[in-house]
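The residues making up each chain are set out below.
2 protein chains.
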Amino acid sequence: MGKKLTKRSEDYSKWYNELVIKADLAENSGVRGMMVIKPYGYAIWEKMQAELDRMFKETGHENAYFPLLIPKSYFSKEASHVDGFAKECAVVTHYRLKTSEDGKEVVVDENAKLEEELIIRPTSETIIWDSYRKWIQSYRDLPLLINQWANVVRWEMRTRLFLRTAEFLWQEGHTAHETKNEAIEEAIKMQGVYADFAENFMAMPVIKGTKSDSERFAGALETYTIEALMQDKKALQAGTSHFLGQNFAKAFDVKFATKEGKQEYVWATSWGVSTRLMGALVMTHSDDNGLVLPPKLAPIQVVIVPIYRSEEQLDAISAKAEEMMKEMRQRGISVKYDKRTTHKPGWKFAEYELKGVPLRIAIGPRDLENGTVELARRDNLTKEIVNQENISETLISLLNEIQENLYKKAFDFREGLITEVNDFEEFKEVLNTKGGFISAHWDGTEETEEIIKNKTKATIRCIPLDAKLEDGACVLTGNRSIRRVLFAKAY
Amino acid sequence: MGKKLTKRSEDYSKWYNELVIKADLAENSGVRGMMVIKPYGYAIWEKMQAELDRMFKETGHENAYFPLLIPKSYFSKEASHVDGFAKECAVVTHYRLKTSEDGKEVVVDENAKLEEELIIRPTSETIIWDSYRKWIQSYRDLPLLINQWANVVRWEMRTRLFLRTAEFLWQEGHTAHETKNEAIEEAIKMQGVYADFAENFMAMPVIKGTKSDSERFAGALETYTIEALMQDKKALQAGTSHFLGQNFAKAFDVKFATKEGKQEYVWATSWGVSTRLMGALVMTHSDDNGLVLPPKLAPIQVVIVPIYRSEEQLDAISAKAEEMMKEMRQRGISVKYDKRTTHKPGWKFAEYELKGVPLRIAIGPRDLENGTVELARRDNLTKEIVNQENISETLISLLNEIQENLYKKAFDFREGLITEVNDFEEFKEVLNTKGGFISAHWDGTEETEEIIKNKTKATIRCIPLDAKLEDGACVLTGNRSIRRVLFAKAY
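Line by line, the protein sequences give chains A and B. Each residue of the first sequence is one higher than the last, beginning at 320 in the numbering used here. Each residue of the second sequence is one higher than the last, beginning at 320 in the numbering used here.
One should not assume that every hint holds.
The list makes no distinction among identical chains, and a pair is therefore deemed to hold if it is satisfied within one copy or across any two copies.
What the hints assert, rightly or not - Below, computed lysine-lysine pairings styled on DSS-like, alpha-carbon distance capped at 25 Å:
| no. | residue 1 | residue 2 |
| --- | --- | --- |
| 1 | LYS341 | LYS396 |
| 2 | LYS639 | LYS747 |
| 3 | LYS453 | LYS323 |
| 4 | LYS772 | LYS663 |
| 5 | LYS674 | LYS569 |
| 6 | LYS776 | LYS658 |
| 7 | LYS376 | LYS615 |
| 8 | LYS417 | LYS432 |
| 9 | LYS645 | LYS527 |
| 10 | LYS787 | LYS417 |
Quick caveat, the hints were computed from the structure, so don't treat them as lab data.
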């Protein structure tokens, strides 16, 4: 187990980095900025994937897979995409290695230079739309609702495990539609799916909104976002869904025959969430003792630890534990029994606290006599003695309670950190003392946004979908504004 | 639908290429040798993944994820690995693009050259063992049983959809053990898992064996393989599991403290199957009408097609179909109802035949009157009229029958194509007229293997695990041999 975690209050950033490593979620690799996702971290990601994948399929999407490498020229085809998109990409220039002349190492074979460089996908719009040209001929081929689970590479200079890595895992949805409205509806629908997933599975409240011009995805006409608030009062963009208009259809010449027989460009969306959600999950719920996982995403929901002195006692406890586990598994509870003799109960308690297992059961000889177990909750660290009878019922009800409790706690925290401000001094004051989201009027110009960003490091996180129309004066310029937007410092 | 498929008897290779494209499994992309896996193909791959993943987990393995890019120097560390392994790799040399001076395209930023080139993983032993050094300290950390689902790139010069592509999807298991025997047991166990999957899910009989020295994986001491036979009588290596000895542990300095406190190198295995299995699946069962899919891997197991003249008839049929589907889904049958009015029944029949849907139900007005449906089997193209009552039972029993029938048919085909030969003339004769596996004595030398390969294009597919020991004379040299091995022309 090693040294204790740094406290959140001491150094939140250090706490996060330590926790990700100590809880065996991920670690840095020998390749700059690229992480290894360890089995425990990957098990959480698999649960996320499974739920998201189910939600995508229930909304009519199918999975497919497109090439990892994209010809460089594809990037030049959609002008705003290439302009706005970060050009920090991994470039493949050669396709062969050879043994060096001294025979001691491998070197790049300079004779195997590609005619056109290939880029490791930073996102797949270009290569996918190059395929869609062949797939779409008529309105009968629409809508085309495709998702891809993939790895992507963006050569980030400053990286942090899960939050910003040079390679990350994600899903990217790419859809094509007959009409503008249908595409906009799709983009909004997927923002809704993301919000549903964040709130009901990650227990992480999010604000739905649209991005300002400067924060919009390169090539999009509108970016729909879900924004969450971390415990250090910084915002985190948790997922985005883009209405792409006809930009990619025009760039890749994807037309369809309408019912009336006319040729028209199709309308597009794209949407994605990534392993960044792992970072958001950690930062939303965890505490100074370690991870706190919402039961719906916890790889192990219940752990059973035997407390014993003799081998006979361990055998008796194990028999009872096996019996209980059988019932639990039938009820769909994911349970682990840790009867390792190499570690003491106290060590195991700390270990599962660090790993965020929602419920811990301890069984000792006296529990066997009394027909009880000791049940400890990870979320509020309380313990109680409960009956072995109907234990699965008790656990299921508690797991639901924990799931709800985590959401409520995060929701209350976030709600207390949305502050309406009306002048720029107050803006800076609130940002530096209280933090969180600042709800303020903005004159709608990129210049104002830029000045505020330079002066305060706060950016417009979103224009909330439910923002009410009200006359106001821009917090910086005093110019007219029709609704408040949300500012925050962000990840 | 377009033109009819080329017949297998005319040109098997052409038939395969056409079928993969017409059945919407995959297509070539704008990147040389890299394919796009289309939704229908990907749905089959997802079913394969789900079953394999379940089997891996049931045998104690966990998933993790390691970086896509590997520093070039890692490849030099395990000498036999780099020597033997194909050096046709994609090499990343730069990490940034920029807009060209004329502003019209993107070009590689020459200032952003990597100090050390990075290789897109062709397989991950090196980067994974670099991590294992940190993960393994003592016998308590062993066995380490990890699997990864990932994409890999090997710059193949001659590519074919699924069978040989520059990028492919696969899983790679990488395990570490205390003892040599335990590692060998693991490698054999995973060969068994692969054989189980091939036979019971893909309905594809396989022969388990070991590879000869020259066909062994670079860095392995023993390669366990499963070998299948395609309808054109060529063999296909469907999965391999490698006992790696201590080679990678030594190359990456991975030692553990034994129970006795000594420092020892760990023992390793690695094992993988890939999207190549998709090619094997297609070539094992499909026919001149299109795909034939085993029910356990078919994305759609049953399709219902309405036969109607009037809208009233369609409505009545649809009501009945919905009712039947509800029951089918409850019983776990994957069913689709195609009531598109844009296509005629005959077109739909051909379409689902092409797509290999195991069972097709047609319902017309007379069926409604009689309480019957017409049920067509894809595997043997027979039709019968069956009662609507207990239809789910009928379907489940037929799906099982089809699954078994496909296996049996492939098994009988394969069994008829293992020919024992005792001299080299017969060897060539059988190879060129009959084809399939040739069971022959071999003197165990690489030289002989090489000569046979050069003269006949046949290679040693495996030394069967169940090969009985018998004295014999090498089919080429007449030198002593103690058992027969299997030769074949192979994919």
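For each hint, the structure was consulted:
Within a single copy, LYS341 and LYS396 get their C-alpha atoms no closer than 45 Å, and across copies no closer than 29 Å, so neither meets the 25 Å cut-off. For the homomeric pair LYS639 and LYS747, neither the shortest alpha-carbon distance inside one copy (60 Å) nor that between copies (66 Å) is at most 25 Å. Proximity of LYS453 to LYS323 under the C-alpha cut-off of 25 Å is restricted to the inter-copy arrangement: shortest distance 20 Å between copies versus 57 Å within a copy. With identical chains, the CA atoms of LYS772 and LYS663 are never at most 25 Å apart, being 52 Å at best within one copy and 61 Å at best between copies.
Proximity of LYS674 and LYS569 under a CA criterion of 25 Å is satisfied in neither setting, with 49 Å inside one chain copy and 32 Å between copies. Within a single copy, LYS776 and LYS658 get their C-alpha atoms no closer than 51 Å, and across copies no closer than 56 Å, so neither meets the 25 Å cut-off. In the homo-oligomer, the alpha carbons of LYS376 and LYS615 lie at most 25 Å apart both inside one protomer (19 Å) and across protomers (20 Å), since each shortest distance falls under that limit. Proximity of LYS417 and LYS432 under a CA criterion of 25 Å is satisfied in both settings, with 13 Å inside one chain copy and 20 Å between copies.
Proximity of LYS645 and LYS527 under a CA criterion of 25 Å is satisfied in neither setting, with 42 Å inside one chain copy and 36 Å between copies. Neither within a single protomer nor between protomers do LYS787 and LYS417 lie at most 25 Å apart by alpha-carbon distance, with minima of 64 Å and 42 Å respectively.
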